[in-house]
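Residue numbers (numbering that gives the first Met the number 0), protein chains in the order written: chain U, 0 to 527; chain G, 0 to 381.
Simulated from the structure, these hints should not be mistaken for laboratory data.
For clarity, every value in this text was computed on a predicted model and none was experimentally measured.
Be careful, since some hints might not be right.
[Unchecked claim] With a straight-line cut-off of 27 Å between C-alpha atoms, the simulated DSSO-like cross-links for lysine-lysine are: (1) G:K237 <-> U:K277; (2) U:K319 <-> U:K329; (3) G:K346 <-> U:K319.
[To be verified] Simulated restraints, written as ranges between beta carbons of each label pair: (4) U:R17 <-> G:E353: 31 to 41 Å; (5) U:L324 <-> G:Q2: 49 to 59 Å; (6) U:D276 <-> G:L108: 38 to 48 Å.
Just so it is clear, CB atoms sit at the ideal spot from N, CA and C, and this is done for glycine as well.
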Amino acid sequence: MTEQSSSKSEVPLIVEMRGIVKRFPGVLANDHVDFKLLHGEIHGLLGENGAGKSTLMNVLAGLYRQEAGTIFVNGEPKVFSSPRDAIQAGIGMVHQHFMLVPSQTVTENILLGLDDPRFFLRLPEYDAKVAALGERFGLKVDPRAKIWQLSVGEQQRVEILKMLYRGVDVLIMDEPTAVLAPQEIEGLFVTLRAMIAQGKSVIFISHKLQEVSAIADRVSVLRRGVCTASGVPSKGVSRQELARLMVGREVVFSIDKKPSNPQGVVLEVNDIYAENDKGLPALRGVSLNVRAGEIVGVAGVAGNGQSEISQVISGMRQCKQGQVLLNGDKVSNRNTLFGIQHGMAYVPEDRTHVGSAPNLSITDNVIMKNYRKPPISHNGLLDMKAATRLANELKTAYDIIVPSVSTPVRLLSGGNLQRVILAREISGLPAFMVAVQPTRGLDVGAIEGVQRLLLAQREAGAAVLLISEELEELLSLSDRIYVIYEGKIMGEVKVEGGETDEGLVDVIGQMMTGTPLDQIQKEGAVAQ
Amino acid sequence: MRQKLDTLFDALLPVIATLAALAVGAVMLLFLKVNPIVAYAALWDGAFGNSNAFAETLVKATPLLLVGLGICISFRGDVINIGGEGQMIIGAVLATWVGLNFTGLPGWLTITLSMFAGFVGGAIWGGIPGVLKAYFRVNEILSTVMMNAIAVQLMNFLLRGPMIDPAQAELASQIPQTARLEEIFRLPRLAPTRLHLGALIAVILAVLVYILLWRTTLGYRIRAVGQNPHASRYAGIKVQRYMVLALLLSGAFAGLAGATQVFGVNYRMITDGSSSGFTGSAGFNGIVAALFGGLHPLLTIPASILFGALLVGANKMQRVVQVPSALITALNGLVVVFVVSSEIIRKRRQRKREAVAKRENDTPPPPAGVGDTKIQQAEAGS
Chain U
0 MTEQSSSKSE VPLIVEMRGI VKRFPGVLAN DHVDFKLLHG EIHGLLGENG
50 AGKSTLMNVL AGLYRQEAGT IFVNGEPKVF SSPRDAIQAG IGMVHQHFML
100 VPSQTVTENI LLGLDDPRFF LRLPEYDAKV AALGERFGLK VDPRAKIWQL
150 SVGEQQRVEI LKMLYRGVDV LIMDEPTAVL APQEIEGLFV TLRAMIAQGK
200 SVIFISHKLQ EVSAIADRVS VLRRGVCTAS GVPSKGVSRQ ELARLMVGRE
250 VVFSIDKKPS NPQGVVLEVN DIYAENDKGL PALRGVSLNV RAGEIVGVAG
300 VAGNGQSEIS QVISGMRQCK QGQVLLNGDK VSNRNTLFGI QHGMAYVPED
350 RTHVGSAPNL SITDNVIMKN YRKPPISHNG LLDMKAATRL ANELKTAYDI
400 IVPSVSTPVR LLSGGNLQRV ILAREISGLP AFMVAVQPTR GLDVGAIEGV
450 QRLLLAQREA GAAVLLISEE LEELLSLSDR IYVIYEGKIM GEVKVEGGET
500 DEGLVDVIGQ MMTGTPLDQI QKEGAVAQ
Chain G
0 MRQKLDTLFD ALLPVIATLA ALAVGAVMLL FLKVNPIVAY AALWDGAFGN
50 SNAFAETLVK ATPLLLVGLG ICISFRGDVI NIGGEGQMII GAVLATWVGL
100 NFTGLPGWLT ITLSMFAGFV GGAIWGGIPG VLKAYFRVNE ILSTVMMNAI
150 AVQLMNFLLR GPMIDPAQAE LASQIPQTAR LEEIFRLPRL APTRLHLGAL
200 IAVILAVLVY ILLWRTTLGY RIRAVGQNPH ASRYAGIKVQ RYMVLALLLS
250 GAFAGLAGAT QVFGVNYRMI TDGSSSGFTG SAGFNGIVAA LFGGLHPLLT
300 IPASILFGAL LVGANKMQRV VQVPSALITA LNGLVVVFVV SSEIIRKRRQ
350 RKREAVAKRE NDTPPPPAGV GDTKIQQAEA GS
């Protein structure tokens, strides 16, 4: 992609980074990267995980020193030796992980590290200042609220306020939407636009194409430390084109799927009632079934009982009423081992806390479910040679990119870790698999890989229950979709041909907000 | 090359830390107007100077190693066992009772039964906090410490009452001790020193614990539960059972340590009313030895010898240069503090290397994480 010249345009450059090089031992994180930020724009910075986006911006925010290259702010060359220098030059960064003191109030957090209230705190005075600032940018937060009382979205607003209070003109947002709920993302976008209207400039780091094309005026793309697109107007470029720039090859967005050929029922969930961790009812009479050779989706807004369904099925959670049958055997309210021994695979939502043991090696993690039997163990003695051999086989077969299988899995990227988990689950040749949010947080290339693995399971004749909040993913992979709302199934729809049908999406959308399918159909009949 | 240097430095770190602690100790000695070189020469001589001295060091190291092996198991399973003292006592009581009562059997059989009794005694005393933790969510640190107190009083009661030496029972002095073990029921000596079979047993067990932890499904389960109980449950492991087992085994090794003290060193149980009077604080020092050995059973062997040497050598040093015994305690404490601190340095270096490795593996943006620490450091510094 050629660089779109912007120096000739009338809009002044506020930040220019020229030829930035940043090296970490063994890896070139930024290889002569140029980056230009115009005054008053939202600039999307796209790239897969590990492409060097955050490194580049950490250089700009004064956290890292570049090894070569220059930063110009308003045309003047600047050297930042700390974030404080960068803030003084008007550049502030909101990190993915917030840096707030939970027990302190919003105002106290904003004043933290400043010299202004010199000795006496005079908080009410500053509360008013913070409130006024929030008003100006549409960032509504109660200055007297303690951080722990705030939602994640509100905490992010505090982080933004912190930077605005320090008078920055350029705000770098590092993956700001990763932690937010859909409604909160919309709120964030409103805020960012309000800031632009008031003369600020924003750099928006993300690996999500949709968001970047929705919010950014211009887009730059990094791939493996190299800039593959610099300042392209987001209106003039397709999502496929951006994806190609990110991963360096065409990403197939619609996955080819053979027509389904479902066999007998493998999993039967009958009228399940269960409580969540807080002891509140989470599932209220859920029934569903999955047949061999099909992928069945469960759609719904987060927190409507999806996690609990998967936990009851896998035996991780007790149910109060009802039962789950796997090939006719009752698996609910039994030890997890029973399900595992009867051909159940489970790809849990929480990859690091449930799906793997972070400090153990890849080998130790892949044998978690089959260490009980030969060839991995004989009469209680582990055969580490066989285990290592298995791990190496899986590493090759599932394209797990890591120097050695003795690496602790905490060092793996999200995509690689998910491949380790899938490798373990699939290699057990399951009759049934439940996968919860299997592609969450992964980059484009990894998502496609995981989706292909799920489809391969279906083709191999396994029954797959896919629980996901990504409707697009459900529509492209599933043969049938159940929609859950407040712990109840609102209805079941068939997905024909894998093609996204507007009417279908509309029906699912209505069910996701609490209208049962039969009611929708009744109203439809009345309208006709 | 760089990597090799890093590994070498990490391996030498505990040694460097020990030397640094001795250097600080030297300053304290100077304040007491004692020549540190003379003092440390005496320490070395006392610990390794001749075969007798070295044998004494090994005798002191034996209970440290046995307790340390149990600690390796429990800490790997993420259960913190502070109850080594109590477990040693109960193990010793049970072993002594067997040794004094099964006198009709051949010596080797009674010794074997006694060692087994010690193992069982410690297992019971460790298993109780284990059950409380796994099934009633009682914090094991608190419960093991409290079990120590119970064990001491139980020992005091038994040695004053039911188990008192019949000879003492008739005397006015009523020294709280058991009868002496008959010669054939004592652990045989290995050389013409006080070194007894227990040391050899401990080393063999170290190898067995290594195999248990890394080569058996049982050890795999214990480690998996320790690393991530959720993932373990998800993988079909009965998490609670292995929590109990980790503490139970840990206690069992401490119980064995208590038994070897009676059968290899003292040949009777005697109490001064405190637990350290019997155990020599091996129940606590064994934790330090295990941590010093990086919770690795085989590395715990040299770690135990080091602490054994400090204990034995310090006695000699005290006699030669006439320093107060408190200084010896302080010196031991310094070594512990320095070694534990060096562990923090090692961890930090490891994290740094991992951050680099993570980036090499093309992974989620570590810069954010690295940035975090940088800021935290900046804040800590200000």
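Hints and how they fare:
1. G:K237 <-> U:K277: Within the cut-off at roughly 23 Å; holds.
2. U:K319 <-> U:K329: Distance of about 14 Å is within 27 Å: holds.
3. G:K346 <-> U:K319: The given pair, whose Cα atoms are some 45 Å apart, is violated under the 27 Å limit.
4. U:R17 <-> G:E353: 31 to 41 Å: 32 Å, holds
5. U:L324 <-> G:Q2: 49 to 59 Å: 53 Å, holds
6. U:D276 <-> G:L108: 38 to 48 Å: 54 Å, violated
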